[in-house]
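J.: Below are the chains, spelled out letter by letter.
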Amino acid sequence: MVETPLILQTVDLTKHFGMIKAAERISVEVNQGELVGIVGANGSGKTTFLNLITGYLKPERGRILLMGRDTTGLPPRTITRLGVARSFQVPQLYRHMRVLESVLLSLAAESGNGGSFWQPLFKESRRAEALETLKRFGLSAYAHRPTSELPEGGRKLLDIALSFALKPKLLLMDEPTSGVSIEDKFEVMDTLVKVLQESNVTTIFVEHDMEVVQRYGWRVLVFDEGQVIADGKPDNVLADPEVRKTVLGRV
Amino acid sequence: MDIGLLTIIIFDGLNYAAVLFLIAVGLTFVYGVLRILNISHGAIYGLGAYMATWLTILLLNKGLPPYLSYFVLLTGAIIIGLITGPSIERLCLRRIYGSDIHIQLLLTFSILLILDDAMKLIWGVEPMFMSEPYFLLGQFSVGGIIYPRYTFLLIGVSASFGVFLVWLVRGTRFGKLVVSVIQDREISVAMGINVGLIYTAAFTMGALSAAIGGAFIAPTISVAPGFAAEVVVMSFAVVAIGGLGNLEGAALGSLIVGLARALAIHLVAELELAVIYLIMVLVLAFRPQGLFGAVEERRI
Amino acid sequence: MRPNLRVVSIVSALLILVPLAMPSWVVFILTKALFTFIAVLGVALLLRGGQLTFGHALFFATGTYTVGFSVKWFGFRDALLLVPMGALTGLIMAALVGLIMARYRGVFFAMLNLAFSMILYAILLKFYWVTGGTDGISVGTATFLGFPLRAGTYPFYYLTLVIAGLITYVVYRFLASPLGYFLRAIADNEIRIEYSGESVRRVIYLTYILAGGLGGVSGVLAAFTVGHVVPEDAFWFQSGQFVFIALLGGFEGILGSLMGAVAFEFIQTYSSKYFPYAWQLTLGGIMLFIILFRPGGLWAIYESLVSRFSSKAEGSTHG
Ligand SMILES: Nc1ncnc2c1ncn2[C@@H]1O[C@H](COP(=O)(O)OP(=O)(O)OP(=O)(O)O)[C@@H](O)[C@H]1O
Ligand SMILES: [Mg+2]
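Residue numbers (the working numbering), protein chains in the order written: chain A, -6 to 244; chain B, 12 to 311; chain C, 36 to 354.
Just so you know, the hints here were simulated from the structure itself, not pulled from any lab data.
Since this is a predicted model, take the numbers as computed values, not measurements.
Beta carbons: idealized from backbone N, C-alpha and C, even for Gly.
Worth double-checking, as some hints may not be accurate.
Here are a few chain A residues that sit away from chain C, every Cβ distance over 10 Å (derived from the structure) [said to hold, decoys possible]:
| hint | residue |
| --- | --- |
| 1 | L58 |
| 2 | P69 |
| 3 | A136 |
| 4 | D224 |
With the Cβ distance kept under 10 Å, some of the chain B side facing chain C (calculated, not the full set) [claimed, not checked]:
| hint | residue |
| --- | --- |
| 5 | I47 |
| 6 | D111 |
| 7 | S121 |
| 8 | L123 |
| 9 | A129 |
| 10 | L147 |
| 11 | L148 |
| 12 | E197 |
| 13 | V200 |
| 14 | A240 |
| 15 | L274 |
| 16 | H277 |
| 17 | L278 |
| 18 | E281 |
| 19 | L282 |
| 20 | L295 |
Extracted from the complex, chain A is given alone in its bound form:
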């Protein structure tokens, strides 16, 4: 089989909630190794797009191909196993668990060991790997604390770390810097981009802040009412006053 450089392809992806067009004939292609930003006003369908790709929502029309495979209609679990992980706009953490334990769970799931009921979760090698992961995300200090004690920025980072620990080929991040103060935004993004580039993970991230997209995205998709209205280099796309108006207009 020929290795296709195309990692994600959607064709005419459509999803409506009653009268709301959350996704409207979205056709997008993302190549391996890209770092793609998504911008759009509130309610323009950015999260819906991620939900569709990862199988949380089923499209009414259109198809999704991941690494050349048609995954339309598959549930999140199956898609995750194919190597697509995501983080969430509101971090999805294990409330009662410690930070280290939750990373260990991701690692166990990734190694196909998640279903083991006899081997301990705390294997020495796995533990070392989990600590290493936490270190890369700057969360070492919290390793033994319950996830509920993390500050907001830390919660976002852990949420991403849990997905990253699954060693995905494609990582989707939903507003990685929301809830992070403006001063800290670039620092957080620096950390994330560095970790992801080191591991060669193709990344799509949703972001409200155009400056962030401009600085980190190689390419940007602009969403409006479920449609992709622009797609290209951030410098070109975000310079367009029409784009600026739709993105900023309704915030």
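Based on these hints, arrange chains B and C with the ligands on the given structure of chain A.
T.: Using the frame of chain A, we list chains B and C with the ligands on its own:
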């Protein structure tokens, strides 16, 4: 199957359905508003039956004209509803809103255990009989089948209560407040709605439903301890079939369970009890949210 | 969930040695506590996943009637084979019922379990020509490789203890494994589990099967301890008692369930002596108290005592 048996099955089925609906509608209403499955519902039903029976016997012995006994039944039920409803909600439930579901279930379960024994301590373990209201109405016959008129009273009471609840929710100011609390608790609080009071009132309506159910079934049975849990499972079955929190669903569920139970009793007596649970399992296996329930998706 | 070797050895030593100094009625009660503990472990496991069952007696009764029918049909009452048989029938029952149950959570999980157990209860009650109806089946005394094994005697007690010990180890391994942690995670966040590529249903299903097996084993031992199996074994009240014990002990830690079971048996013994007509009231009252005032159960009380004690000890060594 001959037509006579069929008629009896239908009458029996409607009879059960009326009783089941009367009890289940309160359970589903409380769940709809408070999002708590009140396991102690079955015990309130038992208390209603005991109180009504005891009070009626007492007053009949004092020379109460028998035709007033229906009024006494209702009074007994209302007394129980008004005592248990507010006290359970204010003293216990109030402390566990927002707790994990299993904590809420355990709490109402423990109340069931307490009340179930309290009945034995208050009224003893000997069965109590009080069938005047039942016999007073006499019987009627259709096509050679003789059937007690009391069934109509049951159906009437049950339907009235259902209509009353629906009117309360859809046609009154109280109902508007309830709906607003169901839709968004926090906004309701912000708008100055006394959510605590709404909860107490809603729970008391539920308690009344159970107590009235117990009171009006009492003349047709021997009132004895220990059936509280069965009643609550049965009404849960009804409610689950219709869709938890759904008033119309409770009506449909009662009809299905009532008729199925009547069929089973007359055709395969061994399955009398099991059939209710079997229906519930079957419905839920194919439609987990119940017949009328909507699926709740979490937005992420 | 770190195994505290010292605690484990102390508890084991107590369970091995204390009965030797006790009259036979205490040995009898401890035996009951042990097999109850086994069933309660199943309930507590599911509770760790945030799932409450009001129907665990389904598996308990599957175990007791495994013995019942074995004695009735084959005259076979050897514990060596029947204990694994009970585990197996419990597992199979759970594997079947679990196919439906794994789809449900919360209120539905609790009540559907109740419904299934009540179906079994109704069957045991009504199909009396097979099951003996209300009278149940008398199973007499167990044998072990042909030797009689009387309830309330040391051999029976130690057999139960060994089984409970093995099961504790299995459950401990389970809880320390990824699956055990995913189980806890269910109560926290199912979406994250699915987005880790793990199946929530699968986790619940496997736990349910394990819990069912434990219920079966418990039932077999119970049948031989009591010498009699009855439909009430499947009744909601039996399930309710398991839930009570799990709550009493606290869901965290296996030791909690053990403490709960021992406490329960003694409460029952004294309660039936002094308040014979208020057993449910006693249970309900204690339960209400725990939920409103001591949500962690005995285990939490124990832990807070330990931490207070050890901080005092530390204070004195440093001071
Ligand atoms: N499960 C759902 N049911 C009904 N409507 C929904 C659902 N999910 C999303 N929507 C609607 O679809 C539209 C797109 O929502 P989406 O969450 O994708 O927007 P978004 O671009 O991520 O917005 P934000 O920047 O606020 O996160 C919105 O109008 C939203 O209200
Ligand atoms: Mg969004």
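J.: Tell me, which hint numbers fail for this structure?
T.: Going through the list in order, the structure violates hints 2, 10, 11, 12, 13, 15, 16, 17 and respects the others.
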